[in-house]
Amino acid sequence: MLSIISLSLFGILNLFLGFLKSRRVLLPATLLFIALAFAANLLDWNHQYVYFRDMLRTNNLFINFSSIILLTTFLTVAISRSFGTDEEHTHPAEYYAIMLFSVVGALMMVGFENLIMLFIGLEILSVSLYVLTGSDKRSLRSNEAALKYFLMGSFATGIFLFGIALVYGATGSFNLSAIGSYVSGGPTTGISPLLYVGLLFILAGMLFKVSAAPFHFWTPDVYDGAPTLFTAFMSTVVKTAGFAALYRLLTVSFTGVYGLWWQVLTGVTVLTLLVGNITAVYQSSVKRMLAYSSVSHAGYLLIAVAAKTPQSPSAILFYSLAYSIATITGFAVLILVAEQKPIEGRPDERYEAFNGLAKRNPLLAFSLAVSMVSLAGIPLTAGFWGKFFVFSTAVDRGMTNMGMVLVVAVLMSVVGVYYYFRVIIASYLKTGDSEPIGIRPLYRFILVLTTALTIGLGLFPDVVRQLF
Amino acid sequence: MPYLSLLIILPLLAALLVVFLPNRNQTTFRWIALVASLLNFLLTLLLFFRFDKSVAGYQFVEQTDWITLSLGPLGVVSIDYFLGLDGISLPLVLLAGLVLAIGAISSFEIKQKQKAYFALYSLLSASLMGCFVALDLFLFFLFFEFMLLPMYFLIGLWGGERREYASIKFFVYTFLGSIFILLVMIGLYLSVADPVETAVAMGLVPGKELVDANVIADVQNYLQEGRIEADQIVHTFSIPYMAEPGNYLPQSLLNIAADHVLFGQSARMLAFVLVFLGFAVKLPVVPLHTWLPDAHVEAPTPVSVVLAGVLLKIGGYGFIRIAYGLFPDGAIVFAPWLGGLGVLSIVYGALNALAMNDLKRMIAYSSVSHMGFVLLGLASLTSEGVNGALFQMVSHGILSAMLFLIAGVLYTRTHDRQLDSYRGLAARMPGYVTLTAIAFFGSLGLPALSGFIGEFFTIMGAFNSPYLPNWMAPVATLGIVLAAGYFLWTLQRLFFGEFWSKHEAGLLTDVTPRERLMLVPLAALALMLGILPGILLNLTQSTVGEFLKNF
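Protein chains in written order, with this note's numbering: chain A, 1 to 468; chain B, 1001 to 1551.
Rather than coming from a laboratory, the hints here were simulated on the basis of the structure.
Quick reminder that beta carbons are idealized off the backbone N, C-alpha and C, glycines included.
Be aware that one or more of the hints could be misleading.
In silico SDA-like cross-links for lysine to any residue, where the CA-CA straight-line distance does not exceed 20 Å [as the list claims (entries may be wrong)]:
{"#": "1", "chain 1": "B", "residue 1": "K1113", "chain 2": "A", "residue 2": "T431"}
{"#": "2", "chain 1": "B", "residue 1": "K1115", "chain 2": "A", "residue 2": "L363"}
{"#": "3", "chain 1": "B", "residue 1": "K1053", "chain 2": "B", "residue 2": "S1542"}
{"#": "4", "chain 1": "A", "residue 1": "K430", "chain 2": "B", "residue 2": "S1252"}
{"#": "5", "chain 1": "A", "residue 1": "K308", "chain 2": "B", "residue 2": "S1252"}
{"#": "6", "chain 1": "B", "residue 1": "K1169", "chain 2": "A", "residue 2": "V281"}
{"#": "7", "chain 1": "B", "residue 1": "K1169", "chain 2": "A", "residue 2": "I425"}
{"#": "8", "chain 1": "B", "residue 1": "K1113", "chain 2": "A", "residue 2": "G432"}
{"#": "9", "chain 1": "B", "residue 1": "K1113", "chain 2": "A", "residue 2": "E435"}
Short, incomplete list of chain B residues facing chain A, as computed with Cβ under 7 Å [what the hints assert, rightly or not]:
{"#": "10", "residue": "I1067"}
{"#": "11", "residue": "L1069"}
{"#": "12", "residue": "L1142"}
{"#": "13", "residue": "I1186"}
Bound-form chain A, shown alone (with noise of 0.2 Å):
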């Protein structure tokens, strides 16, 4: 709680902080709110508090999804440049302020207790998203994304509201345990279908969100359009909060239904990993790429949901972490690589623009390397534990159960080998012209720490896992 407050306030700081117009003094003032607000979130570390009348819960497992989420947003603003090409036009306090103020809603979204309150985080959420996609004012493709972005993700949220209106008719609370209370209960005149309208509706309305197919149209779009910066941020903040938030809907709320949504689930895992991972293989451009196998990350992710067994939790968690560490890694070093030589005016992302990285910088060669591998969940690397927690979710429900999507899984998981080999094959394989790449100390840290981590989660996935 001390988090969400602690951030509101630290966003308003950071625009008066605007008014010394220097970056020098934000970028490490933003990385320090953050830091703080990772610390102050572990204060209440094994403790069980419930604020404002049952709206919002924290307990060790709203920790944990926040310190990820903490995490992600401290590397992305760590590798944060600049905004924009021009002086006049670029507003860096109101982007760090915006991205603090997306995460608040974004821990809401993880410890919220009450329909409402799930509502208003992800609002609050998806608002500052659709202004940071279309921060780069000039470029017609961020503007497009942007408006493409607001247009569907206002009827989305249309659509969950809804949902949550009609569960609300149904059950006559917001209230998440008394929601579960209903539907497990049994009331004597039977379940409203309108409960059953309005759930699939919240779901519809949620797996937009962490674009899951067959809602994710407007992800390569957007996820294209925007800065590379608030790509990262969106493929990793957002699905975080999104799962956390769907899993703890869906159990603590409709177990008693789980028949109705698992069988949704299981369809959408299925389709969201065949788009994903098979549209993934014919990008031409590494954010494109990027941008699918986000969804097809999603789709992984949707396994473990859906399987629904007391591991879930972790496997969650453990597959964010996995996923957003290497995610930003990829993109960080796609930003540079993008930058190096920029085609009429736009940065260069397609694979070519990769070629003969090893000899240009073998650091961020080898970084974009380990988070590949990692994506690709290939052993020693976090990826793999991910994918192995997950998969055992899937197992431990049963096969008769969870069998095709399983096959369905590990099959798409070779197609997954296939595109993310290629960025590889074109920065250790090819040549291309061999001017180095610089980066800055910060940078370099970040890209160190991100490859520490992938491999450290890959040889003792047991250190993260005694916290869950």
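Got chain A sorted already, so can you dock chain B onto it with the hints?
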């Protein structure tokens, strides 16, 4: 003395040393890799002499806890750093030690990016060795999966023209196979309990070292009666524990007695098929073999040598240790299918080899054919067949390493491996002819050379087997006839007749001392094993005898 850890650590240290040494002295890197692999080879020889042949169980065992994950209501998962050696793995460890040392000598011809090459080569050596000595399924999988990365880069960076295609094809094929194995691995660890650690978790004994056979029997009884709390059950990846039906949780997915059904099939049968497919890609079994010719043709000589000499054997080793060791019921049910696939590989590989004009591609297909004998021998489930399969693996490791070195000799001189570019080489390269003839005759199964023993025993096993139909052994012998056909025809086309070559005659010089240093010991070994097969069969037979009691 932790001999087995040393086998893994030595090449790892070499890799680290190569990475951290400055770039100035490129030539030191190959010496580091060579010294490490030679030391490793000496270590395997030491193991050979210290190994107690009469004991069927694991020797030189090392075990320490590595990862312990508490899964709450699902119990505890324990992953151990668990190494051991028995009569099945020792011959393969010896083979790996030898071939990796030969490969390191052969790597001296690599002139570009030496630092990266020798670091990757040493890393590959470590993970290959690790595969053969790991007794924890998870550890095995780790090595199994990890070796893909160095191999991928070794083919992709130092390979021929189509190296990118070949390397990614290699990677994707084997990765698909290993994901199948991963699935079964998850099913196994959810099904199997570690009786020793469970006893400690239950509080029956204060410490692991106090657990004796009685306690284990007690725990297994409690387990079968369902009297252990779920959160006290310690799940394990240990292969020896997985091989004992008593350690399976009642009603768990892969328990024999529970007989779960998935997609209309028995869960255990399905698991056997998945593991089989996973290793079949590596062996390789037709029709999953198509990555092999591509990988071999594009790979540089030393990498081909290691690929054919050691990597393929992991497929065969995986069959014995994991597919057969953990699912003996599946092995019996599917024996005719496996034997049939073996025969198919033998004949199809041989027919393809007959049609090839590229020397390396011809050898690659002959590998497919020869590894088919391994599958046939294993499928027979007879003592002759399984011992023969192990023998055939070692013999093929030696001979195929030789064959690829021979192809390399020609390639380094002219960068051309097409058979129709040469005629009558015998006149200009007498030493080369002799060594080639030994390798070819050994491979086609001439008595007194090692290939004969392996093929003879596997076919004999197939004849005697109660599980295989009678037609299989005679059809498999067809493979030997075809092998004689393609090897002799190649010999004739390359070496006999008037000397003629597309290339300058001056390029075609006889084998250099370095090449002789690699080829002569291999030839001597092929001859030695052909005359005294007992050296190897004595190592394997007691373990194999114990192994066959499961069937």
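Status of the hints after comparison with the structure:
1. For a cut-off of 20 Å, the pair hint linking K1113(B) to T431(A) stands: about 14 Å separates their Cα positions.
2. The hinted pair formed by K1115(B) and L363(A) meets the criterion: a straight-line CA distance of about 16 Å does not exceed 20 Å.
3. With a CA separation close to 7 Å, the supplied pair K1053(B) and S1542(B) stays within the 20 Å bound.
4. Proposed proximity of K430(A) and S1252(B) is contradicted: the alpha carbons are some 49 Å apart, above 20 Å.
5. Between K308(A) and S1252(B) the CA atoms are separated by roughly 19 Å; this keeps the pair inside 20 Å, and the hint holds.
6. For a cut-off of 20 Å, the pair hint linking K1169(B) to V281(A) stands: about 15 Å separates their Cα positions.
7. Taken as a hint, the K1169(B) and I425(A) pair is honoured in the structure, with Cα atoms around 13 Å apart against an allowance of 20 Å.
8. This hinted pair checks out: K1113(B) and G432(A) have alpha carbons roughly 16 Å apart, not beyond 20 Å.
9. Straight-line distance between C-alpha atoms of K1113(B) and E435(A) comes to about 19 Å, which keeps the hinted pair within the 20 Å bound.
10. The beta carbon of I1067(B) comes within 5 Å of a beta carbon in chain A, closer than 7 Å, and the hint placing it at the interface holds.
11. A cut of 7 Å between beta carbons decides the hint on L1069(B): the least distance to chain A is about 5 Å, and the hint holds.
12. At about 5 Å, the closest approach between the beta carbon of L1142(B) and any beta carbon in chain A falls short of 7 Å, and the interface hint on this residue holds.
13. A least Cβ separation of about 5 Å between I1186(B) and chain A falls short of the 7 Å threshold, and the interface hint therefore holds.
Taken one by one, the earlier hints fail for this structure only at number 4.
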